[in-house]
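Between the sequences and the hints, there should be enough to build the whole structure, so can you do that?
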Amino acid sequence: MFTMGDAIGSGWAWLAAHGDIIIIQTVNGIVTGMILALIASGLTLIFGIMDVVNFAHGELFMLGAYVGVVVLATSGSFWLALVMSTLVVALIGAALQIITLRPLIGRDPLNTILATFGISLVLQNYALWQFGPVPRKLDEPITGQFVLFYLAYPWYRLLIALLSGAIIGGLYLFLKHGTYGIWIRATTQDRVMAQAMGIPVPWVYTGVFAIGAGMAAASGVLFGPLIGINHAMGLDWVLKAFIVVVVGGMGNLGGSIAASIFVSLLEAYAAIVVSPAQAVIVSFVVLILTLLFRPTGLFVPTPK
Amino acid sequence: MSKRSNKSFWIAFCIVLVALIIAPLVLPEFWRRFLTEILIWGLLAMSSDLLIGYTGMVSFGHSAFFGLGMYGAAAALLTVKPANLWLAILYGLCGSAVVAGFVAFFATRLRDIYFAITTLIFSQIFYVVIFTWTEVTGGENGLNFTRPQLGIPGIYTVPFTPEMLHWFVLAVVTASYLILRRITQSPFGMVLQSIRENEARTRAIGYPVERYKIVAVMLSGLFAGLAGVLYAVQNRFAAPDFVYFVVSGEAVIYNVMGGIGTLVGPIVGAGFFLGLRELSSRIFGDQFPYLIPVGVIFIAMVIFLPQGLLGFARRWLNR
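Which chain is which? The protein sequence lines are A and B, in order.
For the first sequence, the residue numbers in the numbering used here are 6 to 309.
For the second sequence, the residue numbers in the numbering used here are 22 to 340.
Quick caveat, the hints were computed from the structure, so don't treat them as lab data.
Note that beta-carbon positions come from the ideal geometry of N, C-alpha and C, so glycine has one too.
Some clues are possibly wrong.
What the hints assert, rightly or not - Reference excerpt, derived from the structure (chain B facing chain A, CB under 7 Å, subset only): (1) Ile-134; (2) Gln-145; (3) Ile-146; (4) Thr-155; (5) Val-277; (6) Pro-310; (7) Leu-312; (8) Ile-313; (9) Val-323.
What the hints assert, rightly or not - Okay, the calculated beta carbon distance ranges per label pair: (10) A/Gln-150 with B/Ala-321: 46 to 54 Å; (11) B/Phe-123 with A/Arg-190: 38 to 46 Å; (12) A/Pro-140 with B/Val-150: 20 to 28 Å; (13) A/Arg-107 with B/Ser-26: 54 to 62 Å; (14) A/Phe-298 with B/Ala-334: 43 to 51 Å; (15) A/Asp-113 with B/Phe-123: 26 to 34 Å; (16) A/Gly-175 with B/Glu-231: 40 to 48 Å; (17) A/Pro-138 with B/Glu-218: 16 to 24 Å; (18) A/Phe-298 with B/Lys-28: 49 to 57 Å; (19) B/Glu-161 with A/Arg-299: 30 to 38 Å; (20) B/Asn-165 with A/Arg-190: 55 to 63 Å.
This is the structure we're talking about:
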C-alpha cells in the first residue's frame, strides 16, 4: 500500500508510476457508482414524487439480495433470481406502502420518516432472525475475466455497470413516454390537479414505491456477488445513497446519478492512499462541502 | 398555564420523584438496574425532545453526542488519577459540546428531512472515526475503566453502591428535567416553539432563527452527552456501538412512543420501549430479535397514536 507521504512527496512521478492503479480505480469507481446510482434513483424517485424519505430503502436492497440468494439456491439461474427478486420485493414494497404509508398521506412528512424507519428495523431484524448473522454468498453468473494491466478484471463488474445503466435508462424512458410514467410526472407537478384529471394518485404512490423497491432489490442482486450479504448491509448503502441524493439535489434523478459516480470515483481514488473503511470519510466531506456552499445540490442549476 | 394545573403538576412531580427515590430500596437487583437504565435513556430521549418536540427538527444523530459523552468520561477516568466523577462529567460535556457545535454549525442550515439525514450522516462520521482510530479509542473493543467514587475529592467520598448510583442518576435526570422545563418555558423556548410552528414568520419578526437553532442543537447535545456520561459511569465502559446510528434511532422511538413535546413523555417512552424489549425476550426467548415486535408496535403507534402514550393519556383524562 502507498502512504500519504509517498503520494504527496513524489507528486507527478508517483502518478506516472502508478497510472495503472488510477485507471483500475477509475473503472472500480464507475462500477460502484452505477450500482449506487441504481439505489439512489429509486430513493430520489420516491422522495421526488411522494415527499417520503425512505429509510427502509437499504433494507429493501438487503431483502432483494436475500431473495436472490434463495431463488438462486432453488432454481440455479442468476437471471431468474434477478427478475424474481425484483418482482417479489416490488410487491413487498407495494404492500408496505399500502399498509404503513398510505394512512400517513397528508400528515407531516416527518411521520413518514418515522414509519419507514420502523419498517427498516422490522425488515433488518427479520432478516437477522431468518438468515442468521453469517454473511451469505451469491455466485456471479459469468466468471470470465480480462486483463487490466496486472489484474485479472472480471467481466461481470462491467456487466453490472451496463445493466444498471440500462435499468436507469429504462426508467427514464418510462417516465418520459409511458402512460403511467406521464401519470407519475403529472402527480409530481401538481397532485391536486392530477387527481382532478382522474389519475388515481394513491395508486400512483403505491406504484412509485414498488418501482423504487424493485430497483433497490435489483441492485441488491446485481451487487450481491461483489460483497457479502448480511442483514446489516443496508445501512451503509442507504447512507451513501442519502449522501448522493443530497449532493445531487433532492428529487433530481439526473443529479443523483451524476453524484453517485462522482462520489464513488472520489472514494475509489481515496482508497489508494487510505484504507477503504476510511475512504468513506471522503464522501462525508463532499457532503459537508456541498451543504456549506451549494445546499440545493451540486448538479442542479443555481436557483435564482 | 393556570395556577391550579401548575399545582397539580408539582404534586404529581413530587409523588413520582418520591416513588423513584424509594424504588431501589424495595426492588430486586434486576429491576433496580432496569429502572436506572430507563432514567438514563430517558435523559437522552428528553434531550432530543428539545429538538423534535419543541423546535420541530428530528435529529437522527444523537448517538454522536451520547457517544462522545461516554468517550469524554472515559478520557477523564483513564488519564486523570485519582479518578474523579466531576471531571468525568466535565470532560464528557466538553466532548459532546464540541461535537454538538460542529453538527449544529452545518446541520442547522437545513430543514426537516435534510436536517434528519445530515445529523445521521454526521453521527456516522464520528462512528467511523472512533471505530478506526484504534490507538486512542480502543477501536471495536472500546475502553474499560473503573467507576469513580461519589463525593468531593479530599473531603468526603462514598463508593457507588447500586442504590447510590440510582439516586445519583435520579438526581442528575431530575435536575436536567427541571432545567429543560425551564428552558422550554423561557422566552428562548417560546422562540424555539415559534420556529416549529412557522419558521418564515419567526424570521420575519426579526429573530435570528439560525442562531436559535444552533443553540438548541448545542443544548440538546449537552444533555445527550450527560446521559452518555451517566451510562459510562453505570456500565464502566465506552464502546463504539453507542455512537452507532441505532442509538439515535432508539432515542427517536422513545420520543414518538412517549409523546413528543412533553419532556416527561420521552422518559415514559423509554420505559415502555425497554419494557417491551424485556417482555419480548421473556415471551420469544433471547435469540428472537426484539425489534421485530417492537418495530411493529412502533409503526402502529406512528399511524394510530401520533401523540404518543402521554398525549393519548392526556386526551383520555380530559374526556
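Structure-based check of all given hints:
| no. | hint | in the structure |
| --- | --- | --- |
| 1 | Ile-134 | holds, 5 Å |
| 2 | Gln-145 | holds, 6 Å |
| 3 | Ile-146 | holds, 5 Å |
| 4 | Thr-155 | violated, 11 Å |
| 5 | Val-277 | holds, 6 Å |
| 6 | Pro-310 | holds, 4 Å |
| 7 | Leu-312 | holds, 4 Å |
| 8 | Ile-313 | holds, 5 Å |
| 9 | Val-323 | holds, 5 Å |
| 10 | A/Gln-150 with B/Ala-321: 46 to 54 Å | holds, 51 Å |
| 11 | B/Phe-123 with A/Arg-190: 38 to 46 Å | holds, 40 Å |
| 12 | A/Pro-140 with B/Val-150: 20 to 28 Å | holds, 25 Å |
| 13 | A/Arg-107 with B/Ser-26: 54 to 62 Å | violated, 38 Å |
| 14 | A/Phe-298 with B/Ala-334: 43 to 51 Å | holds, 47 Å |
| 15 | A/Asp-113 with B/Phe-123: 26 to 34 Å | holds, 28 Å |
| 16 | A/Gly-175 with B/Glu-231: 40 to 48 Å | holds, 43 Å |
| 17 | A/Pro-138 with B/Glu-218: 16 to 24 Å | violated, 45 Å |
| 18 | A/Phe-298 with B/Lys-28: 49 to 57 Å | holds, 54 Å |
| 19 | B/Glu-161 with A/Arg-299: 30 to 38 Å | holds, 36 Å |
| 20 | B/Asn-165 with A/Arg-190: 55 to 63 Å | holds, 57 Å |
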